[in-house]
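S.K.: Those protein sequences? They're chains A and B, same order as listed.
If you use UniProt numbering, the first sequence corresponds to residues 1 to 189, in order.
If you use UniProt numbering, the second sequence corresponds to residues 1 to 1013, in order.
Simulated from the structure, these hints should not be mistaken for laboratory data.
Take the hints with a grain of salt, since some may be wrong.
What the hints assert, rightly or not - As a list, the in silico SDA-like pairs of lysine to any residue whose alpha-carbon atoms are at most 20 Å apart:
no. : chain 1 : residue 1 : chain 2 : residue 2
1   : B       : K452      : B       : E564
2   : B       : K46       : A       : S26
3   : B       : K319      : B       : Q266
4   : B       : K603      : B       : E564
5   : B       : K319      : B       : L269
6   : B       : K46       : A       : S77
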Amino acid sequence: MSQKSFETRARELASAFAAKDYERCSHLLPPLKVVLSQLNILVPLLSSDLGLLAVARDILEIGALTAIFLRDDLLFSRYIAQLSPFYAMKDKIHPPSSNEKKLIALRLLLLLSKNDIAEFHTELETLEDEADKDVYIRYPVMLERWLMEGSYDKVWKATTQRSEVPAEEFAIFADVSIANCGGTQNRWY
Amino acid sequence: MAALTSATSLLALLDEPDQSLQVYALENLNQLADEFWAEIADYVTKIEELYEDEHFPQSKLAALVASKVYYNLAEFDQSMHFALAAGDLFDLSVKTEYVETIVSKCIDSYIQSSQEAFDAPRKDQPEVAPDPNLVDVVERMFSRCIEEGEYKHAIGVALEARRLDTIEKCINHAFQGGLTNGKSEDTRLLSDGVNGIDDQEKKFEVAGAELINYVFEASMALVANKRWRDEVLHRMVELVERLHNPDYFTVAKILVHLNAAEKAGQLLLDLITENTESSLLIAYQIAFDLVSSTSQEFLAKVVQMVEGSSSPGTAQALKILSGVPTLDIELTFLYDNNKTDLLILNKTKDTLEARNSIFHNAVTFENAFLHAGTTADGFFRENLEWLSRAMNWSKFSATAALGVIHKGNLSQGMSLLRPYLPSDSASQAGGSKYSQGGSLYALGLVFAGHGKDVLEFLRNNIREGSNSGGQEAEVVQHGAALGVGVAGMATCDDDIYEELKNILFSDSAIAGEAAGLAMGLVMLGSGSEKALEEMLQYAHETQHEKIIRGLAVGIALLMYGKEEAADTLIDQLLDEQDPTLRYGGIFTIALAYCGTGNNTAIKRLLHVAVSDVNDDVRRASVMSLGFILFRNPTAVPRMVELLSESYNPHVRYGAALALGISCAGTGLSEAIELLEPMLKDPTDFVRQGALISLAMIYIQQNEKTAPKVASVRKTFAKVISEKHEDAMAKFGAALAQGIIDAGGRNVTISLENRQTGTLNMKAIVGLAVFLQFWYWFPLTCFLSLSFTPTAIIGVRSDLKIPEFSFFCNAKPSKFDYPPKTEEQTSKVPEKVATAVLSTTARAKARAKKSEKEKAEAEAEAEAEAEAEGEMEIDEKEPPAATEEEPVKMEVDGTAKEHEEEAEEEEEEEYDEEVAEDEIEDKKDIKGHKIQNMSRVLPAQLKYISFSRDERFTPVKKFRLSGGILVVRDNVGLRVKAPFIKTVRERNLPPEEQDEESEAPVPEPFDYETDTEL
């Protein structure tokens, strides 16, 4: 598979994603990942081409977001796992990702919705100090805090009012998580 | 570029539905497994699933990753399982810890399974074929080793895995010149003396022969299973015989191990029939080797084979095979080089009160050991008065000691002992029954292992004894039985056996004990069912403990070297009610598994050592460890360390002797460290054991090789002179003094034949019977069988000992004889001084003063003279040259030239010495020449080399084995050369001799005149 066709495919994916045609994205992604693996950039290794890594990362990010829109949390987790080495070496890959914080925040939200508080805090610990100033990250962090406090009115407000949600993906997730929250709350009381 | 910090991304890929992504993930995980195994471990079930998935294209890869993860989890069995499943993906050539661990694990499990299959094949259960993958890995390992020329590794594994075909393949490969690229091999071969690289084939053959030698040594040292070892050795013989130019010495060695007398005879016959100069020389050398390392039965078979030949070399070969020349030569060596320090002996004699029979015995045995085989019986002659105090059994021992001193003196043995032997005419008049019995025993010792000439005589005495009866006759029978046993050792002669059995059945305690022992000696190592049954049965019937003990040890002797074949008997004996028979069972283990290092046997002994209710049995089982492990002496100190601190003194005694037996002659410091504290043991017999063992370990060591030896010698003397010391310990110390300087300081205790690496049967049996001195002092004499002369003696094809020299690349002082004890001349002036002090008158004092000055001057002069007399032990002087000078003068007038040469050399050396006076070390390293037939210690052998330019060069490639070497005369037999005469030649009547005889003919002496007390 030549580099050219890889780039056209990548562009095709980007445009499909921009057009919010997530079904199409989900069809485009698997073969693209195979291409990435053939180009040796699916996982950033010592031998990988630095210039292409940014492209690979963008593709994986699209994949992760697509998974959210398709409400496939397992797929989303896999994408996040694959993205983690890219984020670990972000100072090497240019340009830096604009979606990184958003995806991490989404992951946190996912963990919260699954009531996996331990993993949630582990993940939080690995973030840098200024991370909770970020608008995306603050959202799951605050949600967790309110849940712990028992301020369910705040939770309710943050998840139901569109104005409180930092991005539309969060809203999708919030639906899921609130459903779960309700479930867990029921158990708590 | 930063590497991955986590494997999560790769592991996430494993869940992808697309197989190519999974493969991609596995490929990367395979690279990173050693780094991220902890993370991967969580996913190992997923990986195993992939391996088991039939549709997955790279299931082997999954197996490999799983294997690596399990390896890191230290689950080696699992890891090996998956590594084997990975098949060819598991790359053996990678040099990582993982691969090495798994490969060794594979080999281990392969060895285990194939050993099980080999060792117990006749079980009804169907043979479980080993995992084909496992076999595959091992095969790949083999072929890689062979390709890289690492034959020894492959052979090592193949030996353990019972793979004869692989061993053969290795050797064949070597013969075909598999190692064309092995440069190191080339250079090594060159230095070994193969001329020219062009001669490829020859070179390969040498390499192959070397391998065969390696297989031989490895199988001797490492293979515990006798059946397999024999199989390998048989195959090796076949391989060697196919060569164009076989190494006959290797073949002979193997044949000795296999106890294949017929084949050995055939080999000799072929060599003799070939009838070239070199083949004859080889034949003679092999004959000498056979004499020194095989039993009488073996030799008799060889002789039978050779007798048929009519080639000119036959007579000479038969002469050698008769064993007489070997004994003659060794006797001559011991006679000429006798360095006994009589001062020690005399001092001990003066200190120990002869009226006490244990002390008399002690001195008798010390004298016997000190002079063993040297024929120097001067001590007896000088101390007739002391000798006359011997009573009853002391007299028996004293007469037997004569046999020890004249051991191997075949030509004179009979005539020397005649005055004491029972005879028809003068028997009643001639001396007591005790000296008669002792002399029969002595006769046996003189002819130990070469009994043809005297057996008939001894047997007559047995028969006579059984006719006459009476208590006195028992003593004679006792001596005769022991004599027959020693002289007829391992003849497996049924007639003798029957006669001994008759004595046994007379149920006399004294005679029966010796008979039981002698039966074992005669049938030594035969494992004869009939003998076994009869002896065991009688042991159950008789009431006499002495007889039971004799039989128990006899039974043990029957099973000498039988290994697994003795197991049923051992089981049976160890289950006996009677502790004496259990004691025999322990010795059966010791002798059957002697020198094998067999783990089962060791476990068994250790178990008995701490669990049996009887002290004798426990003591014996600890001692026996020494026999089993003597080839690996360094292992013994660790093993008996705890036992040596046991609360039970018998166990401590056993531990001491186990060290002595296994480390004999090594001077091993670890053993000494354990024994030294035992010298202060509260129990007298433990001290005795420690003293004896110290002497056995320090035999022939001087202060250069073992710094502590001087203090140990002092301890011996101190124990003897100490007033409050127990008699047992004193006895031990006297024996120790005898052992440490045994045979005129020219013998060592070696349980292994240096020439062939086989068990030294005589030495082992001698030592085992010696240990029975605990019950019966006369058996102490058996230790003399364990003494092996340490010398290099070159012998020409006409069995003459030429004078020539070889080179020793070490300081002369390093292997020198220990210095003789100083005579206390310094006391002389002291006495005078005290005399002066006692005087009061000045005038007298003045007068005395002048006298004293005179005396002192005299004393000084004396001391100087003394010092000159001791020049031969002076380090600066080349000792060999000075020692040999008188011999040369005496033996041959034409030696003058040589002498001059020697002198010239001496002068040269002297000049250099002056020049390099200050850098003495440098001079010391230079090495020195050693004359033929002089003492060469086992540790010294590695420094010895033979010059090619000498007239005489050894036939056999010098392989660190001393003893008798047949030498090639590069000039020719016709040219006259100086020879050293054997004692036998010197004793021939003058008309038969070429030159005047110098050696004195020992005269019989009589110590009986004033004895009848």
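S.K.: Each hint should be assessed against the structure and marked as holding or not.
M.R.: Structure-based check of each hint:
At roughly 32 Å between alpha-carbon atoms, K452/B and E564/B are farther apart than 20 Å, so this suggested pair is violated. Between K46/B and S26/A the alpha-carbon distance is near 25 Å, which puts this suggested pair outside the 20 Å criterion. At most 20 Å may separate the alpha-carbon atoms for a hinted pair to count; K319/B and Q266/B meet this at roughly 17 Å. Proposed proximity of K603/B and E564/B is supported: the alpha carbons are some 15 Å apart, at most 20 Å.
Proximity of K319/B to L269/B is assessed by CA-CA distance (about 14 Å); at most 20 Å being required, the pair is judged to hold. Using a Cα cut-off of 20 Å, the hinted pair K46/B and S77/A holds, with the two alpha carbons roughly 17 Å apart.
Hints 1 and 2 from the list above are not met by this structure, while the remaining hints are.
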